[in-house]
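J.: Sequences listed follow chains V and S, in order. With my numbering applied, the first sequence covers 1 to 115. With my numbering applied, the second sequence covers 1001 to 1113.
Do not rely on the hints blindly, as some may be mistaken.
[Stated by the list, open to error] List time: in silico SDA-like cross-link candidates among lysine to any residue, alpha-carbon distance up to 20 Å:
1. 42(V) <-> 1025(S)
2. 42(V) <-> 1022(S)
3. 83(V) <-> 114(V)
4. 57(V) <-> 1003(S)
5. 42(V) <-> 1027(S)
6. 57(V) <-> 1001(S)
7. 1049(S) <-> 1014(S)
8. 42(V) <-> 17(V)
9. 42(V) <-> 1002(S)
10. 57(V) <-> 47(V)
11. 42(V) <-> 1058(S)
12. 57(V) <-> 1099(S)
13. 42(V) <-> 1108(S)
14. 42(V) <-> 1010(S)
15. 42(V) <-> 1073(S)
16. 42(V) <-> 1001(S)
17. 1058(S) <-> 1082(S)
18. 42(V) <-> 1079(S)
If you are wondering where the hints come from, they were derived from the structure by calculation, not from laboratory data. In this text the structure is predicted, and so the values were computed from the model without any measurement.
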Amino acid sequence: EPEVTQTPSHQVTQMGQEVILRCVPISNHLYFYWYRQILGQKVEFLVSFYNNEISEKSEIFDDQFSVERPDGSNFTLKIRSTKLEDSAMYFCASSEARGVNNEQFFGPGTRLTVL
Amino acid sequence: AQSVTQLGSHVSVSEGALVLLRCNYSSSVPPYLFWYVQYPNQGLQLLLKYTTGATLVKGINGFEAEFKKSETSFHLTKPSAHMSDAAEYFCAVTLKGGGKLIFGQGTELSVKP
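Same shape as in the complex, but just chain S (with noise of 0.2 Å):
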C-alpha cells in the first residue's frame, strides 16, 4: 500500500530564506509523486509533479522538489520564500495509472516578512 508522510504541520521562515518542506513516501511500486499548493478559499493547484527521468524537477513559482528513491523522498525546497508564498502545501502519491491521489496530512507555510 502506498502512504505519504509530511513531516511538520506547520513551518515558518523567513522571508528571503530557504524554504524546506519534507515529504517521505512508502510505495511497492515505483511511485509518482506531487506536490499541490492550496492558497485561502481556493483549490488545491499542482506546483510540480515526478513521473519519470530527471529527478530533480522544477515548477511554477521557483520551487522544485528531488525525487530521491534510496531515501523515499520528495522534498520540496525554493531558495528564498517570498510573502506570496505562504499557504497549505500538499504532497502527493499516485500509481503509474494515475488515477486517485494519496496525500500526505500537509504542512502548513508561514513567511515572516
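The following block holds chain V by itself, in its conformation from the complex (with noise of 0.2 Å):
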C-alpha cells in the first residue's frame, strides 16, 4: 500500500543552524501539507503546496520556514534559523486532490529537537 513517508525519524540540531526535513509523499499525489504538533499542544497546520507553489500557508510559517519539491518524488521543509520553540514533530501529509472527500495521507513524522 502506497504511504508517505519522511526522514529522517529524529533530528537533533544547535539553535540557529539551518535544517532540511524531508518527504515523499504518495507518487500519484498533487497536494502536499506540513503540519507540525509542540509536544502537549495541537497539531498546527503551517503550509500547503500545489503546482509548485504555496497555496495556503498559516502565521507560523514566516521568512524562516520554505518549502520546496526539488524533483518529481520529494518535499522538503526547511528551517533556515532554528529557534527553540522550532522542537516539535513535523507531519508531511499529501491528497490526490483538494476536496474534502481527497483524503489527506500523513507520514510517520519527524521530531525536531533544537538545542
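Both chains are sitting in their own frames, so use the hints and assemble them into the complex.
T.: Right under this line is the structure:
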C-alpha cells in the first residue's frame, strides 16, 4: 500500500542552524502539506503546496520557513535558523486532490529537537 | 474562525468496555469533520469523516461518530474496546473546499486487560 515517508525520524540541531526535513509523498498525489505538533499541544497546519507553489500558509510559516519540491518525488521543509520553539514533531501529508472527499495521507513524522 | 476541542487528553477503558472520545467544534460555516488515529511510530490515519448526508458515520475498526449540529459535537464511539485500539486520536475540521485541517489537541486512549 502506498505511504508517505519522512526522513529523518529524529533530528537534533543547535539553535541557529538550518535544517531540512524531507518527505516523499504518494506518487500520484498533487497536494502536499506540512503540519507540526509541539509537545502537549495541537497539531497545527503550516503550509500547503500545489503546482510548485504555496497555496496556503499559516501565521507560523514566516520567512524562516520554506518549502520546495526539488524533484519529482521529494517535498522538503527548510527552517533557516532554528529556534528553541521550533522543537516539535513535523508531519508531512499528501492528497490526490483538494476537496474534502480527498483524504490527506500522513507520514510518520520527524521529531525535531533544537538545543 | 474554526476550532476543535477534545475533552480529555487521556482516556483509559477496560477491554470490552465502551469507548467514548469527545470532540466539539466551532465553525461559522457548515463544517467537515474527521477523526484520525495515530499508532506509535506511525502517521495519522483517517478513521472516518463527515461531509454531508447521514449524521452517523461509520469508520474502520468498528468506530463510528455522530455529527450533532445542535451540540456542535462529533464524538467518537466504539461499543467494545480492543487492546489494539490503544493509540492517540485526533478530531479535525476543515472548510467545504478542503485543504488545511484544523486539529484538536488529541486524546490518548489506553485499553486495560
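J.: Does each hint hold? Answer for all of them.
T.: Each hint, compared with the structure:
Proposed proximity of residue 42(V) and residue 1025(S) is supported: the alpha carbons are some 14 Å apart, at most 20 Å. With a C-alpha separation of about 15 Å, the suggested pairing of residue 42(V) with residue 1022(S) holds against the 20 Å cut-off. Simply put, residue 83(V) and residue 114(V) have alpha-carbon atoms about 7 Å apart, close enough for the 20 Å limit, and the pair holds. Between residue 57(V) and residue 1003(S), the direct Cα distance comes to roughly 17 Å. Compliance with the 20 Å bound is thereby established for this hinted pair.
Under the criterion of a C-alpha separation no larger than 20 Å, the hint pairing residue 42(V) with residue 1027(S) is consistent with the structure, at around 17 Å. Between residue 57(V) and residue 1001(S) the alpha-carbon distance is near 15 Å, which keeps this suggested pair within the 20 Å criterion. Between residue 1049(S) and residue 1014(S) the alpha-carbon distance is near 26 Å, which puts this suggested pair outside the 20 Å criterion. The suggested pairing of residue 42(V) with residue 17(V) is violated, with an alpha-carbon distance near 25 Å, which exceeds 20 Å.
Of the pairs offered as hints, the one joining residue 42(V) and residue 1002(S) holds, with about 14 Å between alpha carbons and a cut-off of 20 Å not exceeded. About 4 Å separates the Cα atoms of residue 57(V) and residue 47(V), which keeps this hinted pair within 20 Å; it holds. Distance check on the hinted pair: residue 42(V) and residue 1058(S) sit about 25 Å apart at the alpha-carbon level, beyond 20 Å; violated. For a cut-off of 20 Å, the pair hint linking residue 57(V) to residue 1099(S) stands: about 11 Å separates their Cα positions.
With a C-alpha separation of about 13 Å, the suggested pair residue 42(V) and residue 1108(S) falls inside the 20 Å cut-off, and the hint holds. Taking the CA atoms of residue 42(V) and residue 1010(S), the gap is about 14 Å. The hint holds against a cut of 20 Å. Between residue 42(V) and residue 1073(S), the direct Cα distance comes to roughly 18 Å. Compliance with the 20 Å bound is thereby established for this hinted pair. This hinted pair checks out: residue 42(V) and residue 1001(S) have alpha carbons roughly 16 Å apart, not beyond 20 Å.
Distance check on the hinted pair: residue 1058(S) and residue 1082(S) sit about 17 Å apart at the alpha-carbon level, within 20 Å; holds. Among the hinted pairs, residue 42(V) with residue 1079(S) is inconsistent with the structure: their alpha-carbon atoms are about 27 Å apart, more than 20 Å.
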